[in-house]
Amino acid sequence: MSGLTVTIPQPSVERDPEPVVGAECVLYVEDDDDLREVVVQLVTVFLEHRCVGVGSYEELVALGEEALRCGVAILDINLGPSQRSGIDAYAWLRDKGYTGRIVFLTGHASTHPLVVEAMRIGDAEIYSKPIDPDRLRSIVEGRRR
Amino acid sequence: MTRSYDLAARHSWRGAFVAAALNAVAMPIDFLLARPIPKMPMFPSAMSALVAIGLIVFLLIRRQRATVRLGSMVFLLNTVAMLVALWITSGYWAAAGRAWTPFQAHKLGVLAVPLVAPQLGVGLASIAGFAATAIGRFYFLDPAIQRGFPVGEPWFVLIYALFGGVLLVYRVRGLALERDMLRVQAEAAATEQLARTFLRLRDYTNTPIQTIAFTTELLRTKHHDLKPILDRLGRAVEKLTAFSHALTRYENAHRWSPGDESPGALLMDEPLFGSEPATEVTG
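From first to last, the protein sequence lines stand for chains A and B.
Numbering of the first sequence is given in the working numbering, commencing with residue 3 and proceeding in unit increments.
Numbering of the second sequence is given in the working numbering, commencing with residue 500 and proceeding in unit increments.
Because the hints were derived from the structure by calculation, they are not lab data.
Where is the CB? At the ideal position from N, CA and C, for every residue including glycine.
Each hint should be verified, as a subset may be incorrect.
[Stated by the list, open to error] Derived DEER-like restraints, expressed as beta-carbon distance ranges:
| # | chain 1 | residue 1 | chain 2 | residue 2 | range |
| --- | --- | --- | --- | --- | --- |
| 1 | A | V118 | B | V683 | 44 to 50 Å |
| 2 | B | A685 | A | V118 | 27 to 33 Å |
| 3 | B | A745 | A | E143 | 28 to 34 Å |
| 4 | A | E127 | B | H722 | 29 to 35 Å |
| 5 | A | P115 | B | Q563 | 39 to 45 Å |
| 6 | B | M680 | A | I123 | 38 to 44 Å |
| 7 | B | M680 | A | E143 | 55 to 61 Å |
| 8 | B | L676 | A | E60 | 53 to 59 Å |
Just chain A, with the same shape it has in the complex (with noise of 0.2 Å):
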């Protein structure tokens, strides 16, 4: 046999290795690999939920049932350069009926037109970053600000 090998690339998903289900799972959309991984970390140690973090649109929509079985979802509304927002993420989130707490997180201005467009979104909450972990504990938990 040849020494060839194929890799097979698989999306940068962080999750806990049991599967997730209803309001104990949070869902990160955040294409900072270092930000998504200390938060699917700190969601499940510090917070005690489950915690399924994605990089890009294009993950979650692999990931699919999957993330519509999570309670909240969090998502960063400028995922990169020349790639889906967090806008059409939450936009494919509602058109697959999922029915969980979004809330939009984001570095950018109020001011920046992403954002105005996430304001305009009547059932979303936007927080900016950075926010603090008992922020991110009353977003987890479901309490609204």
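Based on the hints, put chain B in the right spot on chain A.
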């Protein structure tokens, strides 16, 4: 970017150039028209035109280093050359004994100065020069010739001078207003640029600050012995967060353009941190 002073220098250079060009063209024509006048010398017109040509060459050489002062000096020299020439030639016109409209060139000069004068002072001096030489020349003429002048001459030139002065003030103030508007626009553009830079800086740093804040909290839950160190890190994050919030004041000062609003907007469209390569901003 065109600065206010650059514009003033350019106006000054252009005004002096046009004035010299008019002199270079008009004085030879004046000589040709005066050929029927007995003994009309050629040298005044030739001298004035040659001075004008010399000034044009000088202006072209100094074009890239034009200043208001340079334009004003050239303009004044050109005016003096014309006044000397007209002083001489108008004497021959007056003494010719033919029907003559006195001091037409002076009156034309008085009305041309407001259109091309580089500065108010230079323009007023030139207008005064044209008017004064006309009147002065009149009183240097033989009294018999003076009596042959139309009624009211040479004082009509003062009315021209009044109109010329008003036109000059009007034009100079218009130019000053234009320069002020240019300055205000330049300042607004600089403010906009600063706001855009600050906002991009803020957007760029918010995600790393968030990462540090959450990482600190994560470490806090796992390593209680690191509390003093993590407290310090936490305080540093608080200061960075306060700094980020302070930059929100620039949100309203920046108008987002199509290039800015795309997710692919680059932080380094304009160099922010020296000559480092462009970095994509996300978050």
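Now the hints, each set against the structure:
{"no.": "1", "hint": "V118/A - V683/B: 44 to 50 Å", "result": "28 Å, violated"}
{"no.": "2", "hint": "A685/B - V118/A: 27 to 33 Å", "result": "29 Å, holds"}
{"no.": "3", "hint": "A745/B - E143/A: 28 to 34 Å", "result": "30 Å, holds"}
{"no.": "4", "hint": "E127/A - H722/B: 29 to 35 Å", "result": "32 Å, holds"}
{"no.": "5", "hint": "P115/A - Q563/B: 39 to 45 Å", "result": "43 Å, holds"}
{"no.": "6", "hint": "M680/B - I123/A: 38 to 44 Å", "result": "42 Å, holds"}
{"no.": "7", "hint": "M680/B - E143/A: 55 to 61 Å", "result": "57 Å, holds"}
{"no.": "8", "hint": "L676/B - E60/A: 53 to 59 Å", "result": "56 Å, holds"}
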